[in-house]
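Participant: Turn these sequences into a full structure, and let the hints guide you.
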Amino acid sequence: MPPTLTTIERPERWDAAFDPEMTDAAVDRLLTLSPFREMNPEKFPKRTPLREILKHDTIIRRYRKGEIIVRQGDYGTSGFLILSGSTRVVLKPDLAPAVLGRKAPEKKGFGRTLAQLWSALRPPESFKRAQLKRDGQVGERTNEEEQVHVFLQDLPRVFNEHRTEAMTTGDFFGEIAALSRMPRTSTIFAESDEAELLEIRWQGVRDLMRHDDQLRLHINRIYRERALASYLRATPLFRQLNKEQLERVAAEVEFATFGDYDWSGDYKRLAKAGTLRPEKEPVIMQEGDYPNGVVLLRAGFGRVTRKFGTGERTLNYAGAGQVLGLREIAHNWRKPQQPVNLQHSLRAIGYTHLLVLPTRVMEQIVLPSVPENDLPDLFAPEESGGSLEIQEQPGAAPVRGDILEFLTENRFFNGTATMVIDLDRCTRCDDCVRACAATHDNNPRFLRHGPAHGRLMIANACMHCADPVCMIGCPTGAIHRESFEGQVVINPVTCIGCKACFLNCPYDAIRMVDIRDEKGQFMLGEDLKPISKATKCDLCVENHGGPACERACPHGALERMNLNDLAAMATWLKR
Amino acid sequence: MSRFNRQLILGIAFLVLSCAVLLLVHRRYGALSPAYPYLTGWGLFIVILFLSAYNGRKKLPFLPLGSSETWLQVHVYLGLATAVIFLFHIRFRVPTGWFEGALAWLYGLVMLSGIFGLAVTRFLPRRLTARGGEVIYEKIPGLRHDLRQQAEAIALGGEQPSTTLAEFYARRLDAFFAEPRNFVHHLAESRRPLNALVAELEDLRRYQAEKERVEQLLTLVRQKDALDYHRALQSMLKLWLFVHLPLTWSLLIFSLVHIALVYGFAGGIK
Numbered sequence: 001m002p003p004t005l006t007t008i009e010r011p012e013r014w015d016a017a018f019d020p021e022m023t024d025a026a027v028d029r030l031l032t033l034s035p036f037r038e039m040n041p042e043k044f045p046k047r048t049p050l051r052e053i054l055k056h057d058t059i060i061r062r063y064r065k066g067e068i069i070v071r072q073g074d075y076g077t078s079g080f081l082i083l084s085g086s087t088r089v090v091l092k093p094d095l096a097p098a099v100l101g102r103k104a105p106e107k108k109g110f111g112r113t114l115a116q117l118w119s120a121l122r123p124p125e126s127f128k129r130a131q132l133k134r135d136g137q138v139g140e141r142t143n144e145e146e147q148v149h150v151f152l153q154d155l156p157r158v159f160n161e162h163r164t165e166a167m168t169t170g171d172f173f174g175e176i177a178a179l180s181r182m183p184r185t186s187t188i189f190a191e192s193d194e195a196e197l198l199e200i201r202w203q204g205v206r207d208l209m210r211h212d213d214q215l216r217l218h219i220n221r222i223y224r225e226r227a228l229a230s231y232l233r234a235t236p237l238f239r240q241l242n243k244e245q246l247e248r249v250a251a252e253v254e255f256a257t258f259g260d261y262d263w264s265g266d267y268k269r270l271a272k273a274g275t276l277r278p279e280k281e282p283v284i285m286q287e288g289d290y291p292n293g294v295v296l297l298r299a300g301f302g303r304v305t306r307k308f309g310t311g312e313r314t315l316n317y318a319g320a321g322q323v324l325g326l327r328e329i330a331h332n333w334r335k336p337q338q339p340v341n342l343q344h345s346l347r348a349i350g351y352t353h354l355l356v357l358p359t360r361v362m363e364q365i366v367l368p369s370v371p372e373n374d375l376p377d378l379f380a381p382e383e384s385g386g387s388l389e390i391q392e393q394p395g396a397a398p399v400r401g402d403i404l405e406f407l408t409e410n411r412f413f414n415g416t417a418t419m420v421i422d423l424d425r426c427t428r429c430d431d432c433v434r435a436c437a438a439t440h441d442n443n444p445r446f447l448r449h450g451p452a453h454g455r456l457m458i459a460n461a462c463m464h465c466a467d468p469v470c471m472i473g474c475p476t477g478a479i480h481r482e483s484f485e486g487q488v489v490i491n492p493v494t495c496i497g498c499k500a501c502f503l504n505c506p507y508d509a510i511r512m513v514d515i516r517d518e519k520g521q522f523m524l525g526e527d528l529k530p531i532s533k534a535t536k537c538d539l540c541v542e543n544h545g546g547p548a549c550e551r552a553c554p555h556g557a558l559e560r561m562n563l564n565d566l567a568a569m570a571t572w573l574k575r
Numbered sequence: 001m002s003r004f005n006r007q008l009i010l011g012i013a014f015l016v017l018s019c020a021v022l023l024l025v026h027r028r029y030g031a032l033s034p035a036y037p038y039l040t041g042w043g044l045f046i047v048i049l050f051l052s053a054y055n056g057r058k059k060l061p062f063l064p065l066g067s068s069e070t071w072l073q074v075h076v077y078l079g080l081a082t083a084v085i086f087l088f089h090i091r092f093r094v095p096t097g098w099f100e101g102a103l104a105w106l107y108g109l110v111m112l113s114g115i116f117g118l119a120v121t122r123f124l125p126r127r128l129t130a131r132g133g134e135v136i137y138e139k140i141p142g143l144r145h146d147l148r149q150q151a152e153a154i155a156l157g158g159e160q161p162s163t164t165l166a167e168f169y170a171r172r173l174d175a176f177f178a179e180p181r182n183f184v185h186h187l188a189e190s191r192r193p194l195n196a197l198v199a200e201l202e203d204l205r206r207y208q209a210e211k212e213r214v215e216q217l218l219t220l221v222r223q224k225d226a227l228d229y230h231r232a233l234q235s236m237l238k239l240w241l242f243v244h245l246p247l248t249w250s251l252l253i254f255s256l257v258h259i260a261l262v263y264g265f266a267g268g269i270k
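Taken in sequence, the protein lines are chains W and X. Residues 1 to 575 in our numbering are what the first sequence lists, from first letter to last. Residues 1 to 270 in our numbering are what the second sequence lists, from first letter to last.
FYI, nobody ran anything at the bench for these hints, they're computed from the structure. Being a predicted model, the structure only gives us computed values, none of them experimental. Hints are supplied without guarantee of correctness; some may be wrong.
Stated by the list, open to error - Below 20 Å or equal to it, Euclidean Cα-Cα: the simulated SDA-like pairs (lysine to any residue) are:
id, chain 1, residue 1, chain 2, residue 2
1, W, Lys108, W, Ser119
2, X, Lys59, W, Ala437
3, X, Lys139, W, Asp430
4, X, Lys58, W, Arg112
5, X, Lys59, X, Leu44
6, W, Lys128, W, Gly111
7, X, Lys59, W, Ala115
8, X, Lys58, W, Phe406
9, X, Lys58, W, Ala115
To be verified - These stretches of chain X come out as covered by chain W in the derived footprint (C-beta under 8 Å, 3 or more residues):
id, region
10, 53–63
11, 68–80
12, 96–104
What the hints assert, rightly or not - If you only want the chain X side, here are some residues facing chain W, beta carbon under 7 Å, derived:
id, residue
13, Arg126
14, Thr129
15, Arg131
16, Ser190
17, Gln234
18, Ser235
C-beta: ideal position from N, C-alpha, C; glycine also.
Facilitator: The structure is reproduced here in structure tokens:
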């Protein structure tokens, strides 16, 4: 008698649909529209058929005239296809920050600075009604699906003062920002009263591109035209190339994404379970393999590792703008009789978007253009033999391996202004906390506590991340990058307390606070529930002299540090 | 050269240089000019006022008044330099009147408490780091309460309550978990009380059938001791300021009275 088999439902990618309400009738309708009707369903694998992608990875959204669909500078995880109606993209000049729900960057004047002398008398996070009044040019409304949409009140003025361009049925937008995890480059709003758009989350865009040649070619063409050319021009490696050579390079570049776009949620879960291991991270380049292309990190982060016993030891991490594999390829080009293989592995931490330039193109076009002095050093025999101490390895970080592991395991490399505390110097006096409270409505915007390793502590303060996952999904644009120095700030006026940023932040650096009126009473909404706002460190963007916490530390124990610059950290540790 | 070494060398250089300048001025004018005591007195008062302004800087973190670290460096080395001005001012004589005596004592205590504070802030943080288990001071009572509840549940609870363990808890552990203990021992880095308590608990294992519960209690005792250690050292890091600051205010008030008395009874500069 054959044994009884136990079967369970296999976990699927689409366990959580983008729109649980998406109906088969709606999918049928989508399949009759361009570009889906031109797609060949046979080209899609059985596990991810076209129909299921549309059913699970898309949502139909309707916008009324003037409603903002995507905001310049926001981070988004999806692309949009116009199904009906028309939209407009704002070209030049950009819309004012206030119109987009943001605060115009402004330093406090003499009067406002001095007025902080009396702020200790005010209740924490208290506002006057007038302070919470929104900009007259922008409004906010909730649609029948309870989604908050921000709209432009004075459309004729927008048309008069800004150059805009129409986008109509069948046009795609937002897919490059979604796939490359870069900020949106323009603001797009609905022009007609019933604009219907299909929002496709990034997994859907990725799979559609993978299995439909036309869409892939279309998006790649847009990518090459809009984003790649300017990026390559700004990369030092290609500085010597002429226009024609640059075009040839651009045509040969391959795009790749590794890891999980929604890494922040996974990171929290894995960190809690203690199962974060480099061996589990997707491999981009494998140590010992033939170097078949130079990797340029466009967005996200990678971990540079080397074999150590049966595991992998982290040597360094690589962020956007870094080039890997160049030294090996340049060595092999100059010394073909003594070739070397890849000296390190590169693994995606979280999500990594990169460009790969094949070795052939490097050898034929790029390397001949680079002056001899600018080429990376040749490998010495002992370097490639693996006989060096770990700290002397080429590409090794300038800090000790255990510190590097600590920073990497906790994803702190993401921080451009991380609050690092030297516990050997910190007297736990909390002058930093008091300074923060004094400059921020009596509410300290950070906790002087956090993960520690030896004498290093990373406090629970906003790190102003290079990859700010908190900015994904803010419905009103309240959380945004300050336009000059890139600090991530929240506009309390347009924050609706939806908790999207609070839940997204992997570092628990955002706190929800119930706001008060001038008398200290909690402000209530019409439903008599307290009004909450998200609060976090703004790096004292409005104050003179830099972050108050750093300036308030009497012992030089606290520093706001860019953890992408490990040389600076090494210097700081040895100070 | 590292930043802290540079600060130290600059500070010492400033101190030596300022002492040398003060000594030169003292030799040149000290014995001759009748206005010299007024000069050193006013100089000392102004410097003390400036040193006191550091506390004001701390209250105004939103103003671009320079970093607190720089202020502290100036505070420390200028503060040490005042000792020389003070000695020149009193002409190396112990004040005889009760008021001047009190003023001199106040100055001395402010100076000593400052030096003590500097030493404390330089050495205690390293000990806290080396011990590990970083904890926010204000959270210590809550954590202690949690530990006490856990210890009580282990010692008194369970399906088969143990008389030995319950008796030991009532006799030795209840008071230990109820409040902070061994403040001085922790400051002196002595583990004698902890070792004694651990030895007594380990001794219980000979009579106690439930070794696992004793092990759990041992863990909690060590955690409580670590909390007490943090509390003791963090308290010291805060407490010295509660001496230094009131003494400074007293010194300022006494100095003002001293100035008034000098001008009231000496008839001004002759």
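Participant: If a hint holds in the structure, say so; if it doesn't, say that too.
Facilitator: Quick rundown of the hints versus the structure:
no.	hint	verdict
1	Lys108(W) with Ser119(W)	holds, 14 Å
2	Lys59(X) with Ala437(W)	holds, 11 Å
3	Lys139(X) with Asp430(W)	holds, 14 Å
4	Lys58(X) with Arg112(W)	holds, 19 Å
5	Lys59(X) with Leu44(X)	violated, 24 Å
6	Lys128(W) with Gly111(W)	holds, 18 Å
7	Lys59(X) with Ala115(W)	holds, 13 Å
8	Lys58(X) with Phe406(W)	violated, 33 Å
9	Lys58(X) with Ala115(W)	holds, 16 Å
10	53–63	holds (count 6)
11	68–80	holds (count 4)
12	96–104	violated (count 0)
13	Arg126	holds, 5 Å
14	Thr129	holds, 4 Å
15	Arg131	violated, 11 Å
16	Ser190	violated, 22 Å
17	Gln234	holds, 5 Å
18	Ser235	violated, 10 Å
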